[in-house]
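Here the protein sequences line up with chains H and W, keeping their order. So in UniProt numbering, spot 33 of the first sequence is number 33, and the numbers just go up one at a time. So in UniProt numbering, spot 6 of the second sequence is number 6, and the numbers just go up one at a time.
I should point out that these hints are in silico values taken from the structure, not numbers from a laboratory. Quantities reported herein were computed from a predicted structural model and do not represent experimental measurements. Zero decoy hints are in this set.
Given that identical chains are not distinguished, each listed pair holds provided it fits within a single copy or across any two copies.
Derived BS3-like pairs: lysine-lysine, alpha-carbon spacing no greater than 25 angstroms straight-line:
id	residue 1	residue 2
1	K186	K134
2	K169	K91
3	K15	K44
4	K80	K94
5	K134	K80
6	K91	K44
7	K15	K94
Protein chains: 2
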Amino acid sequence: MQDRIIEGSVDLFDKKGFSKTSIQDIVDSIGVSKGTFYYYFNSKQELLRDIHLNYIQNLLDNQMIYMNDSTLSNREKLQKMGYLIISGIRKSGKSARVFNREVRHLEEEHIKQVHAIRREFRMNVQRIIEAGIKNGEFRSDLRSDIVTFGILGMVNRTYSWYDPDGEVKEEELVDIFIEMLVNGLKG
Amino acid sequence: MQDRIIEGSVDLFDKKGFSKTSIQDIVDSIGVSKGTFYYYFNSKQELLRDIHLNYIQNLLDNQMIYMNDSTLSNREKLQKMGYLIISGIRKSGKSARVFNREVRHLEEEHIKQVHAIRREFRMNVQRIIEAGIKNGEFRSDLRSDIVTFGILGMVNRTYSWYDPDGEVKEEELVDIFIEMLVNGLKG
Numbered sequence: 001m002q003d004r005i006i007e008g009s010v011d012l013f014d015k016k017g018f019s020k021t022s023i024q025d026i027v028d029s030i031g032v033s034k035g036t037f038y039y040y041f042n043s044k045q046e047l048l049r050d051i052h053l054n055y056i057q058n059l060l061d062n063q064m065i066y067m068n069d070s071t072l073s074n075r076e077k078l079q080k081m082g083y084l085i086i087s088g089i090r091k092s093g094k095s096a097r098v099f100n101r102e103v104r105h106l107e108e109e110h111i112k113q114v115h116a117i118r119r120e121f122r123m124n125v126q127r128i129i130e131a132g133i134k135n136g137e138f139r140s141d142l143r144s145d146i147v148t149f150g151i152l153g154m155v156n157r158t159y160s161w162y163d164p165d166g167e168v169k170e171e172e173l174v175d176i177f178i179e180m181l182v183n184g185l186k187g
Numbered sequence: 001m002q003d004r005i006i007e008g009s010v011d012l013f014d015k016k017g018f019s020k021t022s023i024q025d026i027v028d029s030i031g032v033s034k035g036t037f038y039y040y041f042n043s044k045q046e047l048l049r050d051i052h053l054n055y056i057q058n059l060l061d062n063q064m065i066y067m068n069d070s071t072l073s074n075r076e077k078l079q080k081m082g083y084l085i086i087s088g089i090r091k092s093g094k095s096a097r098v099f100n101r102e103v104r105h106l107e108e109e110h111i112k113q114v115h116a117i118r119r120e121f122r123m124n125v126q127r128i129i130e131a132g133i134k135n136g137e138f139r140s141d142l143r144s145d146i147v148t149f150g151i152l153g154m155v156n157r158t159y160s161w162y163d164p165d166g167e168v169k170e171e172e173l174v175d176i177f178i179e180m181l182v183n184g185l186k187g
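Here chain H stands alone, though its shape is the one from the complex (with noise of 0.2 angstroms):
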């Protein structure tokens, strides 16, 4: 249940926007009574704050399933960083994009759960980068927070224009760009 109000509400803030969605219209849309939706929630703010934070809570329960995986290569644990990502488009590019426009209407405190959560992720994206330079996989010339935040726009970026429906399918997509992050435009 908890799942359908998230669906339901994502998709009513991305047509009318946050402001505009009362909670009547999320229960409406998906035919429940008020009480089961504050059963669940207490606010429409923290119900904005869920869908992001389950997320991105995911995506990091996932991302520790191969950080420690001694038998991957740095290169392999980007890749799978990336699909990781990538593959979630499908089902969540909606929520990510509701969240990040939507995201001032959280109060301070709920920010700031979020923040801690993606900041997370982020480093552990910076230790393979950092792991990478140690065993010589990588080089030790660049700044490993500034190459951590570009990897992780180009990955992130890509809800905004990629139909994981299209002609590329994400497995190449993200070889593409691992590929080009790793050896170079020049090869």
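For chain H, the structure is supplied; the task is to place chain W on it using the hints.
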């Protein structure tokens, strides 16, 4: 005056959101009359469109200056493109943020206008990549369209995390990005 209206309204749209900001709020904040507003803009929607149209048309005009400069390598053209966008963050970062958040308030026709200019800018970057493939500067085995989206994602996303007054100067940031993109993390 047009610039003052744009600047004042970007501040308000950023703080209160587009829907909750009235034309009265805008003219009050900069101390002019509604008549002055309507001399420059027919509506709040048109103002929102112009905020972004000014910004990207300006990028496109600046892009054209170096596109046909045959003394520059394609790597140098990418570098100039990156610097163009990243050095604009200080001045126009807020307007980019406001636009991306509020774009759904624009009418279909206005969105098309914006997309046409964005597309032109992107196609110019793709031309740089393809010219580089043709003259042997860049490898030929990566799809130029995906490479272009990747590079632009990396560069465009910068406005969401980069502080131009922080430790890393704009030139250094662009250098790291272009060096990583051209020669790769492996170096």
